[in-house]
Each structure stands twice: as structure tokens, then as C-alpha cells.
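Engineer: Sequence:
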Amino acid sequence: MGSMAFTTLLLIVCVAFSVAQQNAIPEDLLSDNEIEAWVISLRRDLHTTPELMFKETVTSAKIQTALRALDIDFKMGYGRNTKPDRIEGLGGTGVIADIGTGKSPTVLLRADMDGLPIDESKRTDLEFRSTHPGRMHACGHDGHTSMLLGAARVLKAMEGNINGTVRLMFQPAEEGGAGGKRMRDEGILEMEPAVERVVLAACDRFQILIHGVGGHAAMPHLTKDPIVATAAMVQGFQTIISRGLHPLESGVVSVTKLEGGSALNVIPSGITMWGTVRALSTETLVTLMKRVETVGGDIAKSYGCNITVTWSPDFYPPTDNDKDLWDDFASGVAAQVSETKEYANVVPTMGAEDFGFIAERVPSAFYLLGQGSAPGTDYGLHHPMFSIDESVLMKGVELHVRSALGSLEDLWQKREEALKARK
1015 MGSMAFTTLL
1025 LIVCVAFSVA
1035 QQNAIPEDLL
1045 SDNEIEAWVI
1055 SLRRDLHTTP
1065 ELMFKETVTS
1075 AKIQTALRAL
1085 DIDFKMGYGR
1095 NTKPDRIEGL
1105 GGTGVIADIG
1115 TGKSPTVLLR
1125 ADMDGLPIDE
1135 SKRTDLEFRS
1145 THPGRMHACG
1155 HDGHTSMLLG
1165 AARVLKAMEG
1175 NINGTVRLMF
1185 QPAEEGGAGG
1195 KRMRDEGILE
1205 MEPAVERVVL
1215 AACDRFQILI
1225 HGVGGHAAMP
1235 HLTKDPIVAT
1245 AAMVQGFQTI
1255 ISRGLHPLES
1265 GVVSVTKLEG
1275 GSALNVIPSG
1285 ITMWGTVRAL
1295 STETLVTLMK
1305 RVETVGGDIA
1315 KSYGCNITVT
1325 WSPDFYPPTD
1335 NDKDLWDDFA
1345 SGVAAQVSET
1355 KEYANVVPTM
1365 GAEDFGFIAE
1375 RVPSAFYLLG
1385 QGSAPGTDYG
1395 LHHPMFSIDE
1405 SVLMKGVELH
1415 VRSALGSLED
1425 LWQKREEALK
1435 ARK
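Each residue of the sequence shown is one higher than the one before, counting from 1015 in our numbering.
None of these hints come from the bench; they were simulated from the model. Using N, Cα and C, we set each Cβ at its ideal position, and we do this for glycine too. Some hints here could point you the wrong way.
As a list, the in silico PhoX-like pairs of lysine-lysine whose alpha-carbon atoms are at most 20 Å apart [said to hold, decoys possible]: (1) Lys-1170 x Lys-1076; (2) Lys-1304 x Lys-1315; (3) Lys-1117 x Lys-1170; (4) Lys-1170 x Lys-1409; (5) Lys-1117 x Lys-1428; (6) Lys-1097 x Lys-1076; (7) Lys-1117 x Lys-1089; (8) Lys-1315 x Lys-1238; (9) Lys-1337 x Lys-1428; (10) Lys-1089 x Lys-1170.
Simulated restraints on C-beta separations [unchecked claim]: (11) Asp-1087 x Gln-1427: 27 to 37 Å; (12) Gly-1275 x Met-1205: 42 to 52 Å; (13) Ala-1208 x Ala-1432: 16 to 26 Å; (14) Ala-1231 x Glu-1273: 11 to 21 Å; (15) Asp-1392 x Leu-1104: 32 to 42 Å; (16) Pro-1147 x Lys-1304: 32 to 42 Å; (17) His-1260 x Ala-1208: 32 to 42 Å; (18) Val-1227 x Phe-1142: 44 to 54 Å; (19) His-1230 x Arg-1100: 27 to 37 Å; (20) Asn-1047 x Leu-1433: 40 to 50 Å.
Given only the sequences and the hints, what does the whole structure look like? Please build it.
Structural biologist: Shown next, in the form of C-alpha cells:
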């Protein structure tokens, strides 16, 4: 997901209290140097042990240890892998915790926890580099998790003053495993107190098998060369966007991995291609998926080959901010947390977020927090040198806390206005 795009808020209005109270913002806690040092320490510890989707057992254990130390009750076992035939790992590493009264209204704060199959072990400029070869936190999920734990510490310290419930969601398998959908389907929105309102691009992944006829490299005329067909397909896919979409629509078709062949003097009988299709609406995504199958099939046929296309069972829907929620509340929080007291309306991005599965069910707002400007933080997401400016971590904690407490206050205010309107 986008640089430090970490926080997602879920809100609900339910009748629970007869009198609304002020959820005072703990300014002293938000500037506490000890809490900041603790959050940075958590982030560095998490960074050393990245784990792939549905295998985040060590990460989940560290989260549980931190919650126990804060005397916060939690439930675990969420985000189970329902597609073990397609994706390795059992899952069940997700964690849910509630802070506050245990009654509505409820605000949900979410962080993802999985790493990526990227190698960081050879870096010599980072003391807390990954100790898991071929695994890395290259999308900021270590920062997301540590910031949410920091918010948990602040909120727990003022729990008696919270008028409602703040639910923490530590989610596995964001990087392609649809862990958000798993936890949604496991009932985290319906847990008492239930969630009804929520404070990027649609995405799907494909695998294409290009079937040809192999043979000796010296006699290509006796083969149906899948390598040549594959090369033409990669080129042909680039016209899907430029000639297949309305000029004002946006989309991406990217081939990211090719595999095939076993010897230098043998033309293989098949090639496997992997890639991703992205768009800013589900309708456009479906159009692109159909075009990939049609264009790919026609090109392969022209070379005497044929294809088999398999799509991911869980395509990521777009994540859309609810306009009323943003205008009434979330935009003010973003401006308040910013040092310049301003915020930027980010242009749509082709990055995908499985929080879209939750946003399908309830109105949503999604924040992006920049990764900072310290030396070494100019590498993009999913790069083996990706890093974040740790001075922004407390900004993330503050954004979580202000969003949660401000959301509760906003909900109570709307409830009071509704009651007055009935009189």
C-alpha cells in the first residue's frame, strides 16, 4: 500500500449512553518522549522479523506481548487462510482488542502486519535489518503496527475518559492474501458492540499458462514457440490501456514474472506468466480482465499457441472515502495532525488496499501518512532499500488517537442533534 498508508477508522452510532461526555485529547501523552522511544523500539523489533502473509506467527506473538504489557484484553485467531490450495500458510494470526466502555459507539483502528518476499539481509547500513533471508518489511507494515500499539498505550492510559469503545484490528495478509476480507467475513464488524460506519484502486492478479509445442532450438520451424508468443503478449497488453479504455479512465496492466524453459538448446512447450490488473472502479477492472483474456488468447493463437488464464479468487475492490464522513470530520483531523495545519487531497493511486473489503460494507475514510524526508527515505514501496523517517511514527499515533476520540465525540454530537430534531 501507499507510503505509510496505515490507518483506517470504522465508526458506528448505537444507543448506549444517556449523556455524552467529552473525550479529551491527551496532549501530554501525545508528546511523551518515553512513548515515542517505545514505539520506535517496537518498530525496529518488528522490522527484524518480517513474515509473509498467513505466516505472521512471530509478529502476532509480539503484538500480543505488547497488549498484555499494557493490560489490554484481546482475542486472537482471526484472518484464517481459506485458500490453502492457492496460498501457503494457515493464517489465524489476526488480533482484535477493545479499549473503553465495551459499549457503542465503536471506532475501529486498523494496522496490517505482513512483510514481503524481498531480501534485505545484505544491507550493512541498518542495524535492525531483517534477520529473515528473503523477507522484508518494504511496505511500512512494521510502522503501521507499532503506531497502532502506540495509540493503544495512549488510549489505555486514559481509558476511564473514553465514552465508547475503540477497537484495534491487527490484520494479516494484506499483501495479496485479502486478510481484511477474511477478518470481515469472520464477523469483526458484527462483534458487540457492532460496527456500522467506517472512518485506493481495485486490483486482481492473473496467472497465464502459454501452451505451445517444444523442440530443438536448431529447428524452431517444428515448434510452436511459446516464448515468442509470450513476448508478443507482453507487448500487446500495453495497448489494452491506450486503446481499450476511455481516455478519461485509468488502469494498469503489468506483467511482473515469467517462468519457463529448462535448457539452452530446447524451446519449451510452455511458459507461465504472472501479473496484475488495476483500475479505479470495479467496472473498469472487469473490462480490463476480459481484455487480458481476449488479447492474450488472440495473440497466442496467431503463433499457434493457446492459453489458460487463472485469476485470484479475491480481487481487491477500490477503497473510496465516504464524502460526508471526510467533509464532516476526517479532513479536520488530517489538518490538525499536520504541522502546517493543512492536508493534501491525494490523487487516486493504482496501489490497492484490502481495506476495500470492509469499505464495501460500511462508509469509510482512509488516511495516507507520508514516510518522512530523512536521509535514506527516498526509496519507493517494495524496494529493498525502502525505509521510513521514524520521527513520523508519533504523528501516526496522534492521527490514530485524535481520529478515534474525535470520531466518538462527533458521533455523540450527531446523536444529540438527531434527538433535538425529534422534539
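Engineer: Now, for every hint given, state plainly whether the structure supports it.
Structural biologist: To see whether the hints hold, each was checked on the structure:
1. Lys-1170 x Lys-1076: This hinted pair holds, its Cα atoms lying about 18 Å apart.
2. Lys-1304 x Lys-1315: Answer holds: Lys-1304 to Lys-1315 is near 17 Å, not above 20 Å.
3. Lys-1117 x Lys-1170: 16 Å, holds
4. Lys-1170 x Lys-1409: 18 Å, holds
5. Lys-1117 x Lys-1428: 17 Å, holds
6. Lys-1097 x Lys-1076: 26 Å, violated
7. Lys-1117 x Lys-1089: 17 Å, holds
8. Lys-1315 x Lys-1238: Roughly 10 Å between the alpha carbons, so the hint for Lys-1315 and Lys-1238 holds.
9. Lys-1337 x Lys-1428: 16 Å, holds
10. Lys-1089 x Lys-1170: Cα-Cα ~17 Å, so holds.
11. Asp-1087 x Gln-1427: 27 to 37 Å: 29 Å, holds
12. Gly-1275 x Met-1205: 42 to 52 Å: 51 Å, holds
13. Ala-1208 x Ala-1432: 16 to 26 Å: Given range 16 to 26 Å: holds, Cβ gap about 19 Å.
14. Ala-1231 x Glu-1273: 11 to 21 Å: 18 Å, holds
15. Asp-1392 x Leu-1104: 32 to 42 Å: Holds - the Cβ-Cβ distance for Asp-1392 and Leu-1104, about 37 Å, lies within 32 to 42 Å.
16. Pro-1147 x Lys-1304: 32 to 42 Å: Holds, since Pro-1147 and Lys-1304 (Cβ atoms, about 40 Å apart) stay within the stated range.
17. His-1260 x Ala-1208: 32 to 42 Å: Roughly 40 Å apart at Cβ, these two residues keep to the hinted range, so it holds.
18. Val-1227 x Phe-1142: 44 to 54 Å: Given about 52 Å between the Cβ atoms, the range holds.
19. His-1230 x Arg-1100: 27 to 37 Å: 35 Å, holds
20. Asn-1047 x Leu-1433: 40 to 50 Å: For Leu-1433 against Asn-1047, whose Cβ atoms are near 43 Å apart, the range 40 to 50 Å holds.
Of the hints listed earlier, the one the structure fails to meet is number 6.
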